[in-house]
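Since chain S is already given, all that's left is putting chain Z with the ligands on it; use the hints.
Each protein sequence line maps, in turn, to chains S and Z.
Quick note: the first sequence, position 291, residue 291 per this note's numbering, numbers continuous.
Quick note: the second sequence, position 49, residue 49 per this note's numbering, numbers continuous.
Hints are computed from structural coordinates only; laboratory data are not their basis.
What you are looking at is a predicted structure, and each value in this text was computed from that prediction instead of being measured.
Among these hints, one or two may not hold up.
[Stated by the list, open to error] Partial pick of chain Z residues on the chain S-facing surface, computed with a CB cut under 10 Å:
1. Phe12
2. Gly39
3. Glu40
4. Val138
5. Pro141
6. Gln145
7. Val147
8. Ser155
9. Met193
10. Val216
11. Asp219
12. Ile257
[Said to hold, decoys possible] Straight-line C-alpha distance at most 30 Å; calculated BS3-like pairs for lysine-lysine:
13. S:Lys202 with Z:Lys263
14. S:Lys334 with S:Lys9
15. Z:Lys144 with Z:Lys125
16. Z:Lys271 with S:Lys136
17. Z:Lys144 with Z:Lys130
18. Z:Lys130 with Z:Lys71
19. Z:Lys110 with Z:Lys130
20. Z:Lys271 with S:Lys202
21. S:Lys77 with S:Lys202
22. S:Lys130 with S:Lys90
23. S:Lys334 with Z:Lys263
24. Z:Lys110 with Z:Lys125
Backbone N, C-alpha and C fix where the C-beta goes; we use that ideal spot for every residue, glycine too.
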Amino acid sequence: MAESLLEVKDLVKYYPLTQGVLFRKQVGAVKAVDGVSFGLRAGETLGIVGESGCGKSTVARMLVSLERPTAGSITYKGEDISRLSGRALKAVRRNIQMVFQDPYTSLNPRMTVGDIIGEPYEIHPEVAPKGDRRRKVQELLDVVPDLGLYINRYPHQFSGGQRQRIGIARGLALQPEIIVADEPVSALDVSVQAQVVNLLEKLQDEFGLSYVFIAHDLSIVRHISDRVGVMYLGRIVEIGTDAEIYEHPTHPYTQALLSAVPVPDPQARAHRERIILSGDVPSPANPPSGCRFRTRCWKAQERCTTEVPLLAVPEVFTSGPAAHPSACHFAAEKRVVPHMPPQEGGRPVGKDTD
Amino acid sequence: MLLEVRDLHVEFTTRDGVAKAVNGVDYSVEEGETLAVLGESGSGKSVTAQAVMGILDVPPGRIAGGEILFKGRDLLRMKEEERRRIRGAEMAMIFQDALSALNPVLTVGKQLGEMYEVHRGMSRKDARAKAVELMDRVRIPAAKQRVGDYPHQFSGGMRQRIMIAMALALEPSLIIADEPTTALDVTVQAQVMDLLAELQRELNMGLILITHDLGVVADVADKIAVMYAGRIVEAAPVHEIYKAPAHPYTRGLLDSIPRLDQKGQELYAIKGLPPNLLRIPPGCAFNPRCPMAQELCRSDVPPLYPVTESPVARASACHFWKECLHG
Ligand SMILES: Nc1ncnc2c1ncn2[C@@H]1O[C@H](COP(=O)(O)OP(=O)(O)OP(=O)(O)O)[C@@H](O)[C@H]1O
Ligand SMILES: Nc1ncnc2c1ncn2[C@@H]1O[C@H](COP(=O)(O)OP(=O)(O)OP(=O)(O)O)[C@@H](O)[C@H]1O
Ligand code: SF4
Ligand code: SF4
Ligand SMILES: [Mg+2]
Ligand SMILES: [Mg+2]
Chain S
1 MAESLLEVKD LVKYYPLTQG VLFRKQVGAV KAVDGVSFGL RAGETLGIVG ESGCGKSTVA
61 RMLVSLERPT AGSITYKGED ISRLSGRALK AVRRNIQMVF QDPYTSLNPR MTVGDIIGEP
121 YEIHPEVAPK GDRRRKVQEL LDVVPDLGLY INRYPHQFSG GQRQRIGIAR GLALQPEIIV
181 ADEPVSALDV SVQAQVVNLL EKLQDEFGLS YVFIAHDLSI VRHISDRVGV MYLGRIVEIG
241 TDAEIYEHPT HPYTQALLSA VPVPDPQARA HRERIILSGD VPSPANPPSG CRFRTRCWKA
301 QERCTTEVPL LAVPEVFTSG PAAHPSACHF AAEKRVVPHM PPQEGGRPVG KDTD
Chain Z
1 MLLEVRDLHV EFTTRDGVAK AVNGVDYSVE EGETLAVLGE SGSGKSVTAQ AVMGILDVPP
61 GRIAGGEILF KGRDLLRMKE EERRRIRGAE MAMIFQDALS ALNPVLTVGK QLGEMYEVHR
121 GMSRKDARAK AVELMDRVRI PAAKQRVGDY PHQFSGGMRQ RIMIAMALAL EPSLIIADEP
181 TTALDVTVQA QVMDLLAELQ RELNMGLILI THDLGVVADV ADKIAVMYAG RIVEAAPVHE
241 IYKAPAHPYT RGLLDSIPRL DQKGQELYAI KGLPPNLLRI PPGCAFNPRC PMAQELCRSD
301 VPPLYPVTES PVARASACHF WKECLHG
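The following block holds chain S by itself, in its conformation from the complex (with noise of 0.2 Å):
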């Protein structure tokens, strides 16, 4: 991992429970994220998946860096960025974007495309003086389809998907490395997604860039991801690339979750089994001891009440896609995703019927 862009070591974000009014006094905290480690390298493409309040929105922030993490560190370029301030945190922050997921309410009604997009000039004029902003903002107008004409118009005066662009625009102006892209399409139809992540892909091979890509669609993940990390109430369950999760899953969350999204295809159904759960996702102000999937895992023992298991290669793996770390004391192999043979367009096209 030396060759790492950006590496996450142990990231820990607390969030204080208070009680009382006068004297406020700290009662718990809610454990957002708690432990959570990777890296990034240049140019390639992580996927965070998980469900609701897992945390992956409070990993974003921090990458980010518009939180300070509780502990652990995130290093960029060698340098721990996790406690820059000043200066050296904005040189820092111009590097590391972020594109949010929802585009009504991260942009600004009262101005315009060309006034939100061009914003990020104010705070680093050296990146574009005064006088050549104009053109800089129109150029990324220009990388960014059918937006070009309407420097002039408001957000409102958008649909989702091209308010999506904006702000994809937006994330792009000062030229960074990174961006981290919090749930960027889930708000949006199929046919518009398609053209947003589309977009995404083609600006990553044009300018080099690597991305955090956070979303709960594990379709949408594949299909973006060079490697995914799966994460349960904020901790990392399981990582790696995108075969090794998505053919060859060890950890029974990630299986329980690949079971669970919804196939298309009724061909491809028919092969797949499914693992229902029972119960809900605990609360992270008040996580499970040990293993925090045992609450609901169909594979917890003893074991599991006790021990942390920590994110690591398994031991019963020495090779083969299955090698790969997940933070489970009974890690087994188990397909779920049902191999379909390569079609072309993504849909069966068969004009028989049966």
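Relative to chain S, chain Z with the ligands alone:
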């Protein structure tokens, strides 16, 4: 036929003009059958459902034409009193957001029990016992202890199960579920969808499932109606549609989905954007985005053609459905 919607038109008067949200919808569902209504945001799925349930926002909404036959009788010609009786007892709706659909100041036991008190004239005590039974049925753990809890004390998945319980209370013959699992996590989504499908089979109800998730559809539906700009553009049994769509919009939708089981190159994307309902293009509403569009498409509105080559009933609102079907 349990429910048959014929040529339904709904309009909204807005500041900028009249928005034609529903422009001649036809669909039907039988007892024990699941119809999935699929389409992009704003295509008119919810508005059609609201018209069927009789809960449309009037004004600004207005039913501009059509019939809604429930067990052979036109709901649009009934007195409000009779519709109210049918609503709840014979047809019920499950909404996307359970928290806003449940009353926050009443316990769930009270809300479930009320169905029996009001519609069945049960005593409060009996109604409460029924409420516990219902909660058991939708698998709320420790139902007896939790019947006195308020909606916010339950998790999202449990609240959605309580919504299902409420809709099922009077064993209606038709359920409309409007994006019942969109707000839930994937693993909880699977739990809830399974439960709904199981209860539907058990009670032999007709189910209209509104969604924009093609995956959810494939898991439970018998047939699909695809909506675009306020119309049904394709209707067919699930398997047929996946095998060979007979409308270019359906084809585009299917091709846009990234697949879990393979890593493709570039995703197929339908170009352009859904139409503005204030200015629906003349001819086929899909023509500005359609890769197969011809001159005819820009002038003539395609009727819902029967797909005559199919051994099972299916229909497509495309002048060139034959060419589309054959890829
Ligand atoms: N500022 C905050 N104060 C207190 N708790 C917080 C704060 N921000 C997040 N949390 C809690 O931390 C946990 C993780 O939240 P986070 O937003 O990172 O989850 P997520 O994985 O992004 O979920 P989603 O998929 O719903 O966006 C949640 O339980 C959340 O309620
Ligand atoms: N009360 C209302 N007043 C004005 N316009 C409305 C009203 N309700 C719905 N509409 C319009 O009718 C159209 C169809 O809306 P509808 O809610 O049926 O879409 P939908 O297919 O359910 O979309 P989604 O997937 O986003 O739920 C939309 O353009 C919407 O803006
Ligand atoms: S450590 Fe135990 S509880 Fe956790 S995932 Fe593995 S088997 Fe399940
Ligand atoms: S009628 Fe014409 S424009 Fe409409 S879907 Fe068919 S080919 Fe395309
Ligand atoms: Mg989030
Ligand atoms: Mg809707």
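Cross-check of the supplied hints:
With its C-beta approaching chain S no nearer than about 18 Å, Z:Phe12 sits outside the 10 Å limit, and its interface hint is violated. With a least beta-carbon distance of about 9 Å to chain S, the hint placing Z:Gly39 at the interface is held under the 10 Å criterion. The criterion of a C-beta within 10 Å of any C-beta in chain S is met by Z:Glu40, whose closest approach is roughly 4 Å, and the hint holds. Interface restraint check for Z:Val138: the shortest CB-CB distance to chain S comes to about 13 Å, outside 10 Å, so the restraint is violated.
With a least beta-carbon distance of about 8 Å to chain S, the hint placing Z:Pro141 at the interface is held under the 10 Å criterion. Annotation: Z:Gln145 was flagged as interfacial toward chain S, and the flag is violated, the nearest CB pair being 16 Å apart, outside 10 Å. Hint status for Z:Val147 relative to chain S: violated, with the closest Cβ pair at about 18 Å, above 10 Å. Checking Z:Ser155 against chain S by beta carbon gives a least distance of about 4 Å; that is within 10 Å, so the hint holds.
Hint status for Z:Met193: holds, given a least beta-carbon distance of 8 Å to chain S, under 10 Å. Interface restraint check: Z:Val216 against chain S, minimum CB-CB distance 5 Å, threshold 10 Å, status holds. Of the supplied interface hints, the one on Z:Asp219 holds, with its beta-carbon coming within about 5 Å of a beta-carbon of chain S, less than 10 Å. At a threshold of 10 Å, the smallest CB-CB gap from Z:Ile257 to chain S is about 6 Å, leaving the interface hint in force.
Pair hint S:Lys202 plus Z:Lys263 holds up; C-alpha atoms about 16 Å apart against a cutoff of 30 Å. Among the hinted pairs, S:Lys334 with S:Lys9 is consistent with the structure: their alpha-carbon atoms are about 29 Å apart, no more than 30 Å. About 13 Å separates the Cα atoms of Z:Lys144 and Z:Lys125, which keeps this hinted pair within 30 Å; it holds. Note on Z:Lys271 and S:Lys136: the hinted pairing holds, with a Cα-Cα distance of about 27 Å set against a maximum of 30 Å.
Taken as a hint, the Z:Lys144 and Z:Lys130 pair is honoured in the structure, with Cα atoms around 11 Å apart against an allowance of 30 Å. Of the pairs offered as hints, the one joining Z:Lys130 and Z:Lys71 holds, with about 28 Å between alpha carbons and a cut-off of 30 Å not exceeded. For the hint pairing Z:Lys110 with Z:Lys130, the CA-to-CA distance comes to about 11 Å; that is within 30 Å, so the pair holds. Simply put, Z:Lys271 and S:Lys202 have alpha-carbon atoms about 16 Å apart, close enough for the 30 Å limit, and the pair holds.
Under the criterion of a C-alpha separation no larger than 30 Å, the hint pairing S:Lys77 with S:Lys202 is consistent with the structure, at around 25 Å. A distance of roughly 19 Å separates the Cα atoms of S:Lys130 and S:Lys90; the hinted pair therefore holds under the 30 Å criterion. Distance check on the hinted pair: S:Lys334 and Z:Lys263 sit about 20 Å apart at the alpha-carbon level, within 30 Å; holds. Among the hinted pairs, Z:Lys110 with Z:Lys125 is consistent with the structure: their alpha-carbon atoms are about 11 Å apart, no more than 30 Å.
Hint check: violations occur at hints 1, 4, 6, 7; the rest are consistent with the structure.
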